[in-house]
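Chemist: Residue numbers (numbering that gives the first Met the number 0), protein chains in the order written: chain A, 0 to 325; chain B, 0 to 269; chain C, 0 to 318.
Note that these hints are calculated values from the structure, not bench results. A couple of the hints might just be wrong.
[As the list claims (entries may be wrong)] In the DSS-like style, the derived pairs of lysine-lysine whose C-alpha atoms are separated by at most 30 Å in a straight line are:
(1) Lys82/A to Lys166/A
(2) Lys71/A to Lys166/A
(3) Lys155/B to Lys77/A
(4) Lys109/B to Lys155/B
(5) Lys155/B to Lys166/A
(6) Lys166/A to Lys257/A
(7) Lys155/B to Lys82/A
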Amino acid sequence: MILSVRDLQVSFPVGRLMNRSAILGVAGVSFDIAAGETFALVGESGSGKTTLARAVNLLQPISAGEITFDGKRIDGLKGAATKPLRREMAMMFQDPVGSLSPRVQVRDIVTEPFRVHGVEADLRAEADRLLSLVGLSGDFANRFPHQLSGGQARRVGVARAIALNPKLIIADEPTAGLDVSVQGEVLNLLNDLRERLGLAMLIITHNLHVVHHVADRMAVMYLGRFVETGETEAIFQAPAHPYTAALLSANPEPDPDKAKDRISLPAEVPSLLARPTGCEFHTRCPWAQSRCGTEAPAAQGTDRRIACHFPLSPGARPPAVQETAS
Amino acid sequence: MAEPLGALGIILVLLVVGGAVFADLIASADPNKIAPRDRFLSPSIDHLMGTDQLGRDLFSRVLHGGRIALSVALFATAASLAVGIVLGLIAGYGPRWLDNLMILVFDALKSFPTVMLALALVTLFGPSLTAVVVVVVLVNVPGYARIIRTQTLALKSAEFVTAAQSMGAGAGRILRVHVLPNVIGPLLILASMDIPVVIAIEAGMSFLGLGVRPPTPSWGAILNDGFTAIRDTPWIAVAGGLPIILTTLGFTFLGETLRDVFDPRLKGRG
Amino acid sequence: MTVLSIHNLNVTFSTEGGDLHALKDVSFEVPERRIVGIVGESGCGKSTLINAILGLLADNGRVSGGEMMFQGRDLSRLSPREMTALRGPQIATVFQDPMGALNPVISVGRQMTNIQYRSGLSNAEKAERAVAMLRRVRIPDPEAALARFPHQFSGGMKQRIAIAMALMMEPALLIADEPTTALDATLEVATIELLQELQAQIGCSVLFISHHLGVIAELCEDVVVMYAGEVVERGTTRQVFNSPRHPYTERLLDCDPARQSSRTRQLPTIPGEIPDLRARPPGCIFAPRCHRRAPVCDTPPPDEAVQDGHKARCHMVTP
């Protein structure tokens with residue numbers, strides 16, 4: 000395993016002075032990523048997926064749990080002690096242009112890791128090599144970030160991430176802000192590099208279609224917990240957790256004739272300040288029963304883990320009561 | 000609209016800078032040569048601006064005074080920039096408590112009247128150019144540091160800064176490579192607009208006898224010489240006052256034009 | 000009856016590098032009680048089009064040809080004053096960021112009664128209508144919601160309040176500019192369903208702008224495909240999505256990962272980039288990236304009619 004995360008928790012302080020408390024942004028998650036594997040974290044805003052990614056990259060202090068990277072415990076490392084690790088684990092951030100330093104030329108952006116880590120190299124040649132790896136011509140070396148389109152900026156970000164041959168790349172919403180015709184380019188590039196360089200990848204996204212085409216395994220997050228984990232293909236074939244099923248059905252497809260057998264989720268996402276009792280999804284779950292409101296389900300299974308008292312059978316439809324909504 | 004004023008500014012600044020740099024070539028007379036027989040001569044071909052109470056050639060003194068004024072202004076501004084930038088970056092990027100402490104110090108400094116500050120420093124150091132520079136630095140730094148601090152604070156959580164952290168870059172490198180180039184522009188414009196203020200501070204302190212010591216030529220000192228005899232020999236006061244006015248105007252016009260060109264958003268603000 | 004009929008609309012911006020022809024011969028119609036979708040990628044001119052309709056083009060932009068008929072009047076000929084009177088009561092808008100429509104320091108109730116200032120109703124009646132509208136957009140406990148401020152609502156609720164405010168005056172046309180883009184998938188579909196429902200109740204027309212093909216397919220009856228400031232294809236959603244005739248539409252639909260039902264490692268893309276609109280090619284705007292390019296494509300393509308109401312601006316269309 001290149002990365003092992005066990006019972007990871009991240010909490011944020013809220014309130015001030017007298018009524019100070021903490022909310023759990025990530026409420027105890029465990030997963031492994033094998034060398035060369037792509038693992039996707041899927042969830043809606045506020046599910047804690049970005050916080051989790053930042054915690055793994057040690058940009059966010061954790062409050063409990065263990066992170067093991069390449070056989071070494073890395074949680075709790077601080078300052079200079081994290082530096083060797085940062086060569087091995089690269090992170091790509093959401094905003095394609097905004098994650099590039101605005102006054103620095105592309106040539107220097109992609110070779111920045113060499114300078115940061117004091118790696119001796121012919122930086123001009125390295126810049127050309129990296130740019131050609133991501134399919135950009137050498138002319139781009141002299142450009143500044145604001146002179147790039149979203150897709151080009153994303154390629155530069157990828158080039159920078161692979162500069163020092165990391166073992167793991169964490170990509171936070173790699174297709175965010177990109178046009179449909181460009182999304183495919185970036186995903187193809189990531190797939191291609193992964194095969195050529197043997198990278199492991201942790202992809203964070205809310206876009207299920209993206210997950211389907213790039214990830215070997217995936218985890219669905221809700222309120223900071225994994226509700227379902229498993230092989231991507233298996234989950235797409237037959238989602239077992241009601242939330243996964245709702246997410247999959249909520250993905251509008253560009254086909255006007257397609258029957259819309261949608262699972263509508265009532266109400267709004269509960270606040271992290273007032274987590275529901277029992278199963279935290281029961282307030283929105285069309286299948287919820289009385290037991291769900293009182294007893295929290297433990298994740299069951301090994302390869303495929305589902306945190307639900309009543310996992311769905313393939314093709315399950317919500318009980319008729321909910322159909323009045325649409 | 001600012002463009003003709005900008006052109007005027009450039010001409011004035013070039014005149015002053017040229018006069019200061021080539022002072023020895025333009026004015027052949029020794030600015031400090033006392034000639035008791037030539038006291039209080041009115042302007043003529045030999046003495047373009049007349050002579051003062053010690054018979055010194057005022058034109059030569061004005062040009063050499065420009066050297067003092069400009070070098071003090073440039074040196075003091077550069078020093079203010081250096082100190083302001085470093086402190087601003089530390090306050091903006093460092094821990095919260097340090098930021099709060101530094102802001103407190105900046106505010107305390109800022110609330111101190113310039114004249115009182117100058118008097119206090121002169122009591123400590125005695126009247127000198129050093130005193131002038133220190134006063135200017137103390138007056139400028141809080142404002143400069145605050146500008147840098149605010150922008151640094153805003154960039155601290157920018158994605159490209161987080162990206163640099165994630166890459167393993169240290170605070171020094173992040174501030175130098177990723178933050179400073181993005182925050183320095185507005186400050187440079189502001190500092191260029193402060194140059195006339197610095198010239199005025201130098202002249203003012205020298206006028207009060209707190210700055211440059213005689214016989215070194217300084218516009219403020221010349222103005223003071225002329226001020227005592229303004230009824231009988233007004234050209235001395237003119238020789239001291241005119242360059243101050245023209246230089247201040249020149250740099251102000253130039254600074255405002257630069258600001259409008261580089262940062263149109265600030266247009267029309269003081 | 001058509002509510003909005005745009006005919007050969009051209010918009011030009013003067014820039015330092017010369018005139019930028021942002022919209023070229025844009026024509027389409029928004030019929031009464033219909034939802035028309037506009038789909039296109041960045042740089043396709045969607046925002047320019049909306050701003051032109053609303054009379055809010057930037058200072059360096061101007062309508063350089065064509066007309067925009069709204070209820071019998073050409074919007075491009077109205078004075079700023081007449082446009083102001085039209086925006087809101089007649090043409091309402093919802094944007095991606097609901098906070099653009101909501102004033103953060105005024106309570107939701109005040110804002111909702113304020114927009115009825117021309118209605119001549121009493122304050123009690125206005126408040127009643129506001130509550131009814133909030134109920135229709137499914138804001139829980141609408142009476143209490145009136146006293147609350149925008150920041151006290153979640154993102155999905157804020158967007159629903161913005162929709163409620165836009166539809167409050169029962170406009171003839173609602174322009175919705177990427178209103179669901181910032182929302183999560185589950186909220187996105189809920190918002191689409193809500194829009195559909197309200198449109199049917201109020202009987203207004205909707206011009207729905209989105210880059211999300213799935214959302215367009217789901218919500219809209221007609222669709223207009225834009226590329227580089229031109230309408231390259233338009234027709235009913237079924238016509239365009241089921242049998243696209245313009246190569247760009249075809250490629251765009253292929254690119255949507257949702258169309259790849261089986262898992263693939265090589266997703267389709269459209270190589271190349273949008274041309275510089277300051278120097279439009281003399282022929283077809285898509286030709287440089289087109290997989291079906293022929294010599295004839297160096298001449299301007301006609302708006303070829305494929306079927307009733309289905310048109311594509313392409314030489315290669317054979318009816």
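Chemist: Hint by hint, where does the structure go against what was stated? Just the numbers, ascending.
Modeler: Going through the list in order, the structure violates hint 6 alone and respects the others.
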